[in-house]
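> Sequence:
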Amino acid sequence: MARGEIVINENNCRGCGYCQEFCKRECIVMSEDKFTPLGYILPILADSDKCNACGVCGQMCPHFAIEVYRFIKN
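Note that my numbering has the sequence shown beginning at 1112, numbered continuously upward.
Simulated from the structure, these hints should not be mistaken for laboratory data.
One should not assume that every hint holds.
Unchecked claim - Derived DSSO-like pairs (lysine-lysine); straight-line CA-CA distance at most 27 Å:
id : residue 1 : residue 2
1  : K1135     : K1184
2  : K1161     : K1184
3  : K1145     : K1184
4  : K1135     : K1145
5  : K1145     : K1161
Nothing here was measured: the structure is a model prediction, and the numbers come from that model.
With the sequences and hints as input, model every part of the structure.
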């Protein structure tokens, strides 16, 4: 079960791949067929069940393109 969600702002993303590089759970991959409006390769959350919403991807993004939301159990 996913513990969080990431939202990638396609207008800010420059396809640098830092989010993929620093994701310890290997949840993020660079898409082979999705691009930002400016033509950069778009990262995608490949396995949401592995994501624990740690926030490292958002912290490492130099373009502030990633927002991380953590789900809270009731």
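> Work down the list of hints and note, for each, if the structure agrees.
Results of checking the hints against the structure:
no. : hint          : verdict
1   : K1135 / K1184 : holds, 23 Å
2   : K1161 / K1184 : holds, 17 Å
3   : K1145 / K1184 : violated, 33 Å
4   : K1135 / K1145 : holds, 23 Å
5   : K1145 / K1161 : holds, 21 Å
When each numbered hint is compared with the structure, a violation occurs for hint 3 only.
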